[in-house]
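Peer 1: Spelled out, the chains give:
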Amino acid sequence: MMTDRSITGRLVSFGAVISEIAIALLMLHVTAQVVLRLVFNISLENTPEIVSYYYMSGLIFMSLGLVTLYDSHIAASLFTEMMPAPVQKTLMVVVLFVLAGVALLLAWEMGREALKMTQIGEIHIGSMSNLPKWPARWFLPLGFTLMALAAVVRARRIHAGEVEAVIGRDVRDKPEADEGND
Amino acid sequence: MTDLQIGFAGFAFIVFLIGLRVPVGLALILVALAGISFVTSPETALALLRFIPFDFIANWDLSAVPMFLLMGAIAHHSGMTENLFSVARLWFSGLPGGLAVATNFACAGFSSASGSSLATSMAVGRITIPEMRRHGYDNGLACGVVACGGTLGVLIPPSIILVIYGILAEVSVAKLFIAGILPGILTALVYAAQIMIRCAVNPALAPKIEEEITWKQRFAALPAVWPLVVLILTIIGSIYTGVATPTEAGALGAFLSIVIATLQGRMSLSAFRQAARESAGATAAIFFVAIGAVLLTRFMAFSGVPQFLGEFVTTYGVGVIEIVLLCLVIYLVLGMFVDPMGMMLLTLPILLPMLNAANLDLIWFGILVVKFIEIGLITPPVGLNVYAVKLIDPDIPLGSIFRGALWFLMSEAVVITLLIAFPVITLFLPQFLS
Chain A
379 MMTDRSITGR
389 LVSFGAVISE
399 IAIALLMLHV
409 TAQVVLRLVF
419 NISLENTPEI
429 VSYYYMSGLI
439 FMSLGLVTLY
449 DSHIAASLFT
459 EMMPAPVQKT
469 LMVVVLFVLA
479 GVALLLAWEM
489 GREALKMTQI
499 GEIHIGSMSN
509 LPKWPARWFL
519 PLGFTLMALA
529 AVVRARRIHA
539 GEVEAVIGRD
549 VRDKPEADEG
559 ND
Chain B
34 MTDLQIGFAG
44 FAFIVFLIGL
54 RVPVGLALIL
64 VALAGISFVT
74 SPETALALLR
84 FIPFDFIANW
94 DLSAVPMFLL
104 MGAIAHHSGM
114 TENLFSVARL
124 WFSGLPGGLA
134 VATNFACAGF
144 SSASGSSLAT
154 SMAVGRITIP
164 EMRRHGYDNG
174 LACGVVACGG
184 TLGVLIPPSI
194 ILVIYGILAE
204 VSVAKLFIAG
214 ILPGILTALV
224 YAAQIMIRCA
234 VNPALAPKIE
244 EEITWKQRFA
254 ALPAVWPLVV
264 LILTIIGSIY
274 TGVATPTEAG
284 ALGAFLSIVI
294 ATLQGRMSLS
304 AFRQAARESA
314 GATAAIFFVA
324 IGAVLLTRFM
334 AFSGVPQFLG
344 EFVTTYGVGV
354 IEIVLLCLVI
364 YLVLGMFVDP
374 MGMMLLTLPI
384 LLPMLNAANL
394 DLIWFGILVV
404 KFIEIGLITP
414 PVGLNVYAVK
424 LIDPDIPLGS
434 IFRGALWFLM
444 SEAVVITLLI
454 AFPVITLFLP
464 QFLS
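Chains A and B, in that order, are what the protein sequence lines are. Numbered by our numbering, the letters in the first sequence go through residues 379 to 560 in order. Numbered by our numbering, the letters in the second sequence go through residues 34 to 467 in order.
Calculated directly from the structure, the hints in this document are not laboratory data. Errors might be hidden in some of the hints.
As the list claims (entries may be wrong) - Facing chain A, from chain B, some residues (calculated, C-beta under 7 Å): (1) Val55; (2) Ser96; (3) Ala309; (4) Val322; (5) Asp372.
By construction, the Cβ of each residue, glycine as well, lies at the ideal position given by its N, Cα and C atoms.
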């Protein structure tokens, strides 16, 4: 588990805890839905919508900070590994600032959308009952803000020589495993 | 510049950015936004940005991805790999290269619980490589079989790549999963045959293990693989019979993996949290790229590239084989430096219009794409699976692992030729799917 005690580290860790809860709920809710349907022929109202809007948004967007802080994005380091270390370092700092800029733009635009949907009280109209949809939209601006913060902190750490630029894992407090995205 | 030129230039610029180690998702989003702004207007680009990420992520079928990642992570903790290998060992150790054959089938078995090739190689390799080395096996063979056997993880269901491919290509994920079964088994068998032939010709590669194993012992060990049987029945069985969707099968599989790991005394809250965090992070990394790929698809559509390629295919009568070979070349080149998921998400917005124009069966093509991606996983200079194996035993030089993988690459050539020549191998099972 992560042991980063900085403010950004704690925020990112908090986001990751929400992701853990979301993925656990996804598994339990869908399992319950299948078992109830097969055994008792009971259908849980709005399961696909709750799964898609809330759990998926929660687990994906609230993990973005962690993925960025620990350099787990899908990226190709073949050519940069051949570059001299100072060039790598500068390049990665620039890339991370661009990432932070784009993440802020995404957070801003999605925040506007979330605000608009909150004001109109966006809902999903189910066959038996309605499901509020607007709260799930807030995971996006929150997640991308975390991502922007994490990118800036990581850029600062690379600049300060605390982490390696390309091989990229924080030698002091990396998570134990984060592979498996192929 | 015409819109079409902007489209092609944008694509080339993405490849350039990826080469500079810009995260693939960022490269796709940046170029797509700039391109859409050029071709239409910045307002259109920002409007797309407001709704695409949420609308794309909020997808029931895509929820299968985190579930299969979670299941694989937990299965890894459950001790399933040790049991699989010890049973496979009893059954195959009498054959030439027996431990390597056993490793190959342990990979195939673990693939039924894992949707990722890297995870399969790591899980199986940690147990089998030390064992093979202890018995004097050639380093190239020992590591090659783990690196290449691991690629079965993306072919034998479940498969994360096939879920994403299915959504983007708008084909049934269930059918893709079922379509992967026979090519997966075929690959495992061709790998096994290759190992046995090589070891029979050159016994120094794999010294024979002198131990007497009776048939009684072999059958007595079989019950140890019950967790795998439960997972296979749950996932493939429920999808094949139409009882559950891939997402439901994934959730059930993840839940059962936790039950199995708990029964075996290997599950704790912290182990679960580790698996959950790891799976959520991997899902986020994949989906950041996928959001970029959806934006890229819109950019390409605005610039007219898909229409151009579609017309090119129909005007010049480009055939199925030519397109498949073209894709093979593209994937071989990109596979040298781009991660498999990134590679697929980058290329599909360009390839799909051509495939549709050529009336190519997208289920069959999906399985071929996975095979092409597998090759990228085991060839230099990137070869992610080879690096994963190197992590397991840093003493073994990369060169000898790549040399070992070369033999499996030849086997892949045989399998791919068979799959292209006989599409029925891929399409036989899905046709029975309700």
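Peer 1: Each hint needs a verdict: does it hold in this structure or not?
Peer 2: Hints, verified against the model:
Against a cut-off of 7 Å between C-beta atoms, the interface hint on B/Val55 holds, since the closest Cβ of chain A lies about 5 Å away. Residue-level restraint check for B/Ser96 holds (minimum Cβ-Cβ distance to chain A is 5 Å; threshold 7 Å). Hint status for B/Ala309 relative to chain A: holds, with the closest Cβ pair at about 4 Å, below 7 Å. The criterion of a C-beta within 7 Å of any C-beta in chain A is met by B/Val322, whose closest approach is roughly 5 Å, and the hint holds.
Restraint check, B/Asp372 versus chain A: the minimum CB separation of about 5 Å is within 7 Å; hint holds.
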